[in-house]
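Peer 1: The residues making up each chain are set out below.
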Amino acid sequence: MTRRASLRLVGGAVLVVLLAAGATRAEQATLRVGSKSFTESYILAEIVAQIIEDAGEARAERRLGLGGTGLSWGALAAGAIDIYPEYTGTIAQAILKEPTLTSLDAMRAGLDARGVIVSAPLGFANTYALAVRRDLSARLGLRAISDLARHPGLRAAFDAGFLERTDGWPGLQRHYGLRFADVRTLEHALTYPALAAGRVDVIDVFSTDGQLARLDLVLLADDGHFFPDYTAVLLARRELATQYPQTWAALERRLGGRIDNATMSRLNAFTDLEHRSFAEAAATFLGRSNAQTPRRRGGEIATLTLEHLQLVAVSLAVAIVLGLPLGILAARRRRVAQAELMGVGVIQTIPALALLSFMIPLFGIGQVPALVALSLYALLPIVRTTHAGISTLDPRLTEMTTVLGLRGWRRLAWIELPLASVTIMAGIKTAAVVTVGTATLAAFIGGGGYGTLIVTGLALNDVRTILAGAIPAAVMALGIHGAFELLDRVVVPRALRSAERAAR
Amino acid sequence: MIALRHVTKRFGDHVALDDISLIVEPGRTHVLLGSSGSGKSTILRIILGLLRSDAGDVRIDTDGAAGPPTQQIGYVVQEGALYPHLTAARNVVLPARAAGWSAERQAERLATLATLMELEPDLLGHFPHQLSGGQQQRVSLMRALMLDPPILLLDEPLGALDPITRANLQAQLVRIFGELRKTVVVVTHDVREAFVLGSVITLLSHGRIVQQGTLADLAQRPADPFVSEFLGAQAPPLAMTRDLQR
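Just so you know, the sequences run in chain order A and B.
Everything in the first sequence is counted per our numbering, starting at 1 for the first residue and increasing by one.
Everything in the second sequence is counted per our numbering, starting at 505 for the first residue and increasing by one.
Here chain B stands alone, though its shape is the one from the complex:
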């Protein structure tokens, strides 16, 4: 479980997060939705410990799982942030090398992940610049899953991809989240993606939470005209909305 209580973050005079409270239940996928600058990435970075909040507190409770926080959380960013000088395979096993795994164990895990992500094995020997955007994101997700962390944080993971690759990967992510039962937080500005991936959605604007709930809650009982406006601007296909309400 991830719990943020009254978290505030300032960069100089700019208030990036203003009194954010949210709870991500174990095994659920929680979407942080909002336009750029709304503070959604900052929330991930605070959960990761890359940033420290000015006020409030952050609790990460992965009951049972031991080890340092880096082994509890997998992180994927837009365009992957793969290391250009390492092959796909070397990128994926990095956290395991740092954790001192044997080569055998690394290879075994690598094979499992390649199967899970449907990545052809010979692509593992390629360097990032030899891979397509979709392949890069699959590798990046494999790296995030290498140590089998209970939590996954994904920051616009599909943001830089073309629509077809994007749709394929969305479907794959939904399947994998279901199979693995990870606690997942996905940041996106794309309403359709939020509806496909997330069970709970938090809509953010200018560092504040506008509304939190299921898709049905947001669509049928908007807390604020902004909610309808944000959803409407991106006009999710009605069929899909109806589908998800059932």
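Just chain A, with the same shape it has in the complex:
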């Protein structure tokens, strides 16, 4: 029974891996559209996707919400996406790393070497700006950024990207000689409510943010001309223009110079404030009458649940298939054990988002890199409990295996694994529950799942959307834990189950 049980466990894991491999099949005549994880980028990408579909040369696949520049540019450079919206300032600073570059032609030349082409400017510039509340602006006489230098007691909250970039806070601080009492990192969408609630005084904004109109904020003039120009363009892989010339021509024709600042602000407000979908905003811009593609939340949840389950099941299966042998090996050889446990321990200390971004150069974006990262994450509890479970068995019992002539796999399958099964299952349960949570981060590299709603909700500052992703994830974690409690009945020998023993 124990042998059958362990065979069933391994068999099930292999099956899941095979199913997943089948599911990630190659698509043909598909253009993958990427975006960063903020409203404007989502909307532009959605507009691009709809134009691609209209052109009829290829299907559009949306890989939206790919975190920041590092992730989305990384995805384009690696060929994991074909096109995404970008800004000239970002191209110069963060991609080409030549801050002095200002002309679009110079940028085209730089990107050409990497197989990337640049569209005509879309017509608006989304520059960084600093915003304050109107009452504070009136009270302190704040009109321009240089005015801030006289008020070192102010508190600021900046988006992580702004805080790091040389064309963001570090450069701005030096350029204007600014000092604040407190500078903290906040997710971009959360800076507005923080400012409105008076928790901070200064935030970084984008000049096309939809929230600017509603919250009655004052944009401080860049009187020292620090911020570079952030004209919006599309970045695409060269093959897109050569293989799908009509699509590229349509994109240039329908977008070049067609979106001015006011239009973009309106589109942003349309989703941020009126809670319409990105697709609706895009359709409105493209002048479609039947633009009301309502948020398909019902169908969406079913798809996302499947994606999330797939992420969890496959990565857990891989972690079990790898983790059990590694744990057994560690229990057999003490020297190997030290190196091994340290290795899986170190993986665990890498922040999940960082681990995910390391995967992009190796595996691109989407499900595969997410699965690799999640599998690595799930490894530690499994390796550790397998090692502990086997190496702490009663030595009189393990010694007896030698005397009885039980060696190799028989010793393992008949004695050691069944005896350690309670401990090992505890590790697998921990890994399962943690993976359900960590899998929500997969959305940052286009891995799908409930995280998609969380990332979108963050971009829209829409708590309902965030909860629509977070609550099902919590429910799934509970469900999976319950399922594994049932699995205990199959895997753990009857006489070792605590309930059975307590009953007598």
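For the record, the hints were derived by calculation from the structure and aren't laboratory data.
As the structure is a prediction and not an experimental result, all values here were calculated from the model.
Keep in mind that the hints are not guaranteed to be accurate.
What the hints assert, rightly or not - Taking beta-carbon pairs under 10 Å as the criterion, some of the chain A residues facing chain B (in silico):
(1) D105
(2) T401
(3) T402
(4) R410
(5) R494
Don't be surprised by glycine CBs; every beta carbon is placed ideally from N, CA and C.
Using the hints, position chain B against chain A.
Peer 2: Showing chain B alone in chain A's frame:
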């Protein structure tokens, strides 16, 4: 026959066995007697190959019997070391499964052993924690006898049992050793048990052999004051001593 010649074993600085030589004749029961820490269990573990001696040599000669050493020796320890996740029956047949016996042959042997050990057949379906201490030791002995090895090594087999169960099992062991004609080495710290079970007794102290011989030898011609002291401390009933001298 089991022969140890000048066997020495150290654990770090501690000398566990110091120049041990002893011979166990085929078909006899040899008792290793001594208090805890005297090295008696270490001798069994060296015979089993679980430990390697630092010096000296160990020879096991089971003339005629072939097969790997594990099939030559049955081993029983205090409290049985039965596997808690397996029923009594599954515990007993483990060595036969490992040796690739057919299910039929396993069942047949299991039944024979249950009769020999006077274990009720329905107890065979029980898990170890559902058995009494005495029943566990019977099952453990059945497992040791499963492959019918010529040699049996028993390490304090009755050490954890209550006096009545202990006396019953002692009597049963004497009968079985007589019937089966195994070469048996029993480790015990209990003088009375040594006298009941063993024909030859080796008294050990601090890893050395103090005296070797029959009960009469030890009682009447102690090689050392320690021998009288050890026997006296546990005060075997005089009647029994006289009985065995005859």
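Peer 1: Hint by hint, say whether it matches the structure.
Peer 2: Comparing the hints with the structure gives:
| no. | hint | verdict |
| --- | --- | --- |
| 1 | D105 | violated, 75 Å |
| 2 | T401 | holds, 9 Å |
| 3 | T402 | holds, 7 Å |
| 4 | R410 | holds, 6 Å |
| 5 | R494 | holds, 8 Å |
Violated hints amount to a single one, hint 1; each of the other numbered hints is respected by the structure.
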